[in-house]
Amino acid sequence: MDLQQLEEEARQAALKDIQNMLQRPGQLEKVEQYRHRIARKKASVEALLKTGMQNQLEGVRVGLKQLVTCMQDVREVRRRMVEVERLLVGVPEIYDALEVVREENTKHSQYATAMENLKHIFNVDASVQKTMALIDEDKLLNAHQCLADLENSRDDLLYELHKQPKQHASDKITLKRHFEKVDQVSQALEKKLRLIISRTLNTVRKKPTVIVTALRIIEREEKNDQFALQQQKVTNFLPPGRPKAWRKMIMDVLQAAVITRIEGSKLEERADNKLWLVRDLEILRQIILEDLRVVKSLCVPCFPPHYDIFNEYVRFYHEGLSSYLDNIVKSGLQGNEYVSMLAWVMHTYPGADLMSHADLNVDVLKLSRPLLHPEHLKSLEDEYLQNMERNYQDWMKKTVDSEKQEWYSEMLPDQRDHYYNSAGPVIIFEMIDQHLQVTNTIHQELTFKALVLSIQQVELFGQTYLKNVIELKEHHFRNRDQIKYFTHYIITIVNNSQNVVEMAQQMKHLFWPKSRTEHYEDFEKLLATFQRIRAHAANYLLEEAFLDMECHFNDLFTVKWLGSSIAVDTICVTLDDYFQDYNHLLPANFEMVINEAQKLLAKRYIRALLSKRLSKTRSECDAITRKINLEAKRIKQFFEKIAPKISLSDSPLDLITTLSALLVADIELLALDLHTLLGSYPSLSEDHLVRLFYIRNDVKAAEVREKVQDAMKSKKAMVSIAKQDCIFKEIVFSDKLW
Numbered sequence: 000m001d002l003q004q005l006e007e008e009a010r011q012a013a014l015k016d017i018q019n020m021l022q023r024p025g026q027l028e029k030v031e032q033y034r035h036r037i038a039r040k041k042a043s044v045e046a047l048l049k050t051g052m053q054n055q056l057e058g059v060r061v062g063l064k065q066l067v068t069c070m071q072d073v074r075e076v077r078r079r080m081v082e083v084e085r086l087l088v089g090v091p092e093i094y095d096a097l098e099v100v101r102e103e104n105t106k107h108s109q110y111a112t113a114m115e116n117l118k119h120i121f122n123v124d125a126s127v128q129k130t131m132a133l134i135d136e137d138k139l140l141n142a143h144q145c146l147a148d149l150e151n152s153r154d155d156l157l158y159e160l161h162k163q164p165k166q167h168a169s170d171k172i173t174l175k176r177h178f179e180k181v182d183q184v185s186q187a188l189e190k191k192l193r194l195i196i197s198r199t200l201n202t203v204r205k206k207p208t209v210i211v212t213a214l215r216i217i218e219r220e221e222k223n224d225q226f227a228l229q230q231q232k233v234t235n236f237l238p239p240g241r242p243k244a245w246r247k248m249i250m251d252v253l254q255a256a257v258i259t260r261i262e263g264s265k266l267e268e269r270a271d272n273k274l275w276l277v278r279d280l281e282i283l284r285q286i287i288l289e290d291l292r293v294v295k296s297l298c299v300p301c302f303p304p305h306y307d308i309f310n311e312y313v314r315f316y317h318e319g320l321s322s323y324l325d326n327i328v329k330s331g332l333q334g335n336e337y338v339s340m341l342a343w344v345m346h347t348y349p350g351a352d353l354m355s356h357a358d359l360n361v362d363v364l365k366l367s368r369p370l371l372h373p374e375h376l377k378s379l380e381d382e383y384l385q386n387m388e389r390n391y392q393d394w395m396k397k398t399v400d401s402e403k404q405e406w407y408s409e410m411l412p413d414q415r416d417h418y419y420n421s422a423g424p425v426i427i428f429e430m431i432d433q434h435l436q437v438t439n440t441i442h443q444e445l446t447f448k449a450l451v452l453s454i455q456q457v458e459l460f461g462q463t464y465l466k467n468v469i470e471l472k473e474h475h476f477r478n479r480d481q482i483k484y485f486t487h488y489i490i491t492i493v494n495n496s497q498n499v500v501e502m503a504q505q506m507k508h509l510f511w512p513k514s515r516t517e518h519y520e521d522f523e524k525l526l527a528t529f530q531r532i533r534a535h536a537a538n539y540l541l542e543e544a545f546l547d548m549e550c551h552f553n554d555l556f557t558v559k560w561l562g563s564s565i566a567v568d569t570i571c572v573t574l575d576d577y578f579q580d581y582n583h584l585l586p587a588n589f590e591m592v593i594n595e596a597q598k599l600l601a602k603r604y605i606r607a608l609l610s611k612r613l614s615k616t617r618s619e620c621d622a623i624t625r626k627i628n629l630e631a632k633r634i635k636q637f638f639e640k641i642a643p644k645i646s647l648s649d650s651p652l653d654l655i656t657t658l659s660a661l662l663v664a665d666i667e668l669l670a671l672d673l674h675t676l677l678g679s680y681p682s683l684s685e686d687h688l689v690r691l692f693y694i695r696n697d698v699k700a701a702e703v704r705e706k707v708q709d710a711m712k713s714k715k716a717m718v719s720i721a722k723q724d725c726i727f728k729e730i731v732f733s734d735k736l737w
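Once you know that position 335 of the sequence shown is 334 in numbering that gives the first Met the number 0, the rest is easy, because the numbers rise by one and skip nothing.
Among the clues, some could well be false.
As the list claims (entries may be wrong) - Result set (DSS-like, lysine-lysine): computed pairs, CA atoms no more than 30 Å apart in a straight line:
#1 K29 to K129
#2 K206 to K190
#3 K129 to K247
#4 K247 to K396
Think of the hints as simulated: they come from the structure by calculation, not from any bench.
Working from the sequences, and respecting the hints, build out all of it.
Put into structure tokens, the structure is as follows:
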């Protein structure tokens with residue numbers, strides 16, 4: 000460090016400060032003040048430097064003194080070590096010389112121990128009898144003190160023998176045989192403690208002091224065990240019968256008492272009472288709740304805190320109950336016993352009625368294992384679902400058989416609000432609802448599985464139901480006199496199918512989770528099956544009606560028909576007669592049958608129109624067209640009369656009027672008319688149109704054919720928006736004109 004440079008830098012800095020302070024003439028008057036201020040600062044800095052230097056010198060002085068002291072200590076330690084080494088040189092000679100003294104000391108120790116225990120040595124039998132009497136009189140603390148004195152005497156004598164360099168087994172055997180009755184006293188006291196502890200829950204209510212006394216004895220024995228084990232580590236001597244482990248013993252006794260308590264709760268078997276399991280589980284709930292209340296309020300103050308007796312009792316009951324329920328499950332359950340077991344295990348046991356009760360507040364999730372193993376719970380659920388499936392199959396088979404028997408009977412079907420129905424679907428869905436309500440008390444996943452199973456079984460029921468409906472129809476049409484109320488029961492079937500669809504949708508709305516999409520196809524399959532049954536049964540109704548009108552359709556567009564309206568009048572009267580029964584259809588089904596009847600009637604009428612039964616002149620075709628229009632109007636009025644609340648707009652009967660207009664169309668403009676018609680009804684075929692113009696014999700067949708073919712060629716490939724277009728697809732003739 001360059002001091003001159005530092006001094007110069009300081010001088011320059013001082014000059015700069017002075018220049019800053021004395022820039023104006025007025026500041027010269029304050030020079031003396033500036034001088035005093037700088038002088039004070041200088042004095043303060045010098046004082047700080049002096050203090051710092053003094054502190055540094057003091058620290059050095061103290062350190063030197065400590066070093067001197069350490070040096071003196073090291074020299075003293077060295078001197079003493081040399082002296083100890085000198086003294087140790089003679090130790091082996093002294094050890095050999097004192098051999099006789101050691102032997103005398105050992106004998107003296109043994110004699111002293113024998114003198115101390117002479118009372119117990121000579122009075123073992125009397126002490127044992129006294130102790131046994133105290134045990135019988137329930138004076139357990141005194142009895143334990145006597146037992147401890149006897150055991151201490153025996154153990155001290157055995158320890159003295161153990162210390163001898165030359166041990167004789169016969170001496171130990173003799174001594175143990177002399178004190179062998181002490182073990183009997185210990186066993187008797189242990190037996191007494193077992194009995195007391197096994198009755199803990201009853202005793203603690205009346206005489207908690209008895210429990211406290213037993214626990215004091217056990218705690219003393221635990222300390223003796225610990226002392227004996229510590230002594231064994233040092234001397235390799237362990238008194239006989241140690242460790243007694245009485246604390247583990249009493250915990251085993253408590254656990255055995257809990258198991259006995261659980262198993263003793265069973266009062267009935269399945270043969271005695273169908274609700275045996277419900278009663279058994281309820282008794283268990285009451286017993287466990289009451290016992291744990293006693294433990295928490297009375298046992299906890301009696302037992303030492305490190306026993307954690309309440310949690311131990313919870314574990315005992317949990318494990319004992321787990322084993323007990325597992326045995327019940329393995330022995331097999333029936334019917335609603337599955338639900339009772341699942342609901343109790345999953346809700347009652349961990350719920351507010353038992354473990355989560357305000358008086359207990361036990362967190363079941365923190366226990367070492369679940370009450371029933373998850374695999375066992377899964378097995379229970381699977382068995383329950385299998386049992387449910389068997390019940391469904393039995394019930395649905397009985398329902399089908401019952402329905403089938405009614406169909407062939409001579410009794411009218413039941414009515415509800417004027418509509419025919421049977422109790423079968425209602426019974427099935429009530430049973431399903433009961434099952435789902437029950438599973439809903441367990442958990443949602445089981446409810447969903449039960450719901451899917453129910454849907455699948457109802458769909459299978461629908462398939463069987465459809466087969467029986469088809470058999471019913473075939474049997475009836477072979478001989479229509481055999482089944483008296485065929486029409487009425489077919490109406491019932493249509494209504495039942497509609498009811499099943501509606502009840503299935505209600506069931507889905509109530510129980511189907513909004514977030515679940517799997518198995519949705521099963522539900523759609525169920526709806527499709529019963530919609531198919533509904534459609535089949537409705538067709539059977541109309542098939543029977545149209546079978547009665549077959550001869551009247553055959554009379555249409557014949558010479559007989561030209562001069563009379565009997566055919567159409569009879570058709571309307573016949574339909575009116577059948578629709579008196581159809582009024583027992585539900586409104587939606589009645590509307591479906593009305594629409595289907597219009598479609599069938601239009602199809603049969605148009606088929607008769609195209610059947611080449613008449614061939615007339617242009618002027619006669621005018622009269623035919625008017626008659627067709629009148630009959631179409633007559634039929635439509637008939638439907639308006641029997642179904643005034645149903646809209647008949649866009650009725651298939653309008654096709655009759657549309658086709659009849661072609662019979663009086665101008666041949667020159669026929670191509671335009673055909674083009675318009677084919678645009679609305681692309682399913683109209685060349686055969687249909689040519690057959691229509693067969694009625695007009697004033698038009699050459701070749702000319703009609705040419706115009707029809709031209710119109711067909713110009714027809715664009717399209718999908719008709721007219722819902723009645725499908726009728727033409729269903730009208731097919733086996734004979735061809737060309």
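Hint by hint, here is what the structure shows:
1. K29 to K129: With a Cα-Cα distance of about 112 Å, the restraint between K29 and K129 is violated, given a limit of 30 Å.
2. K206 to K190: Roughly 19 Å between the alpha carbons, so the hint for K206 and K190 holds.
3. K129 to K247: Holds: K129 and K247 sit about 28 Å apart, inside 30 Å.
4. K247 to K396: Status violated; Cα separation ~60 Å.
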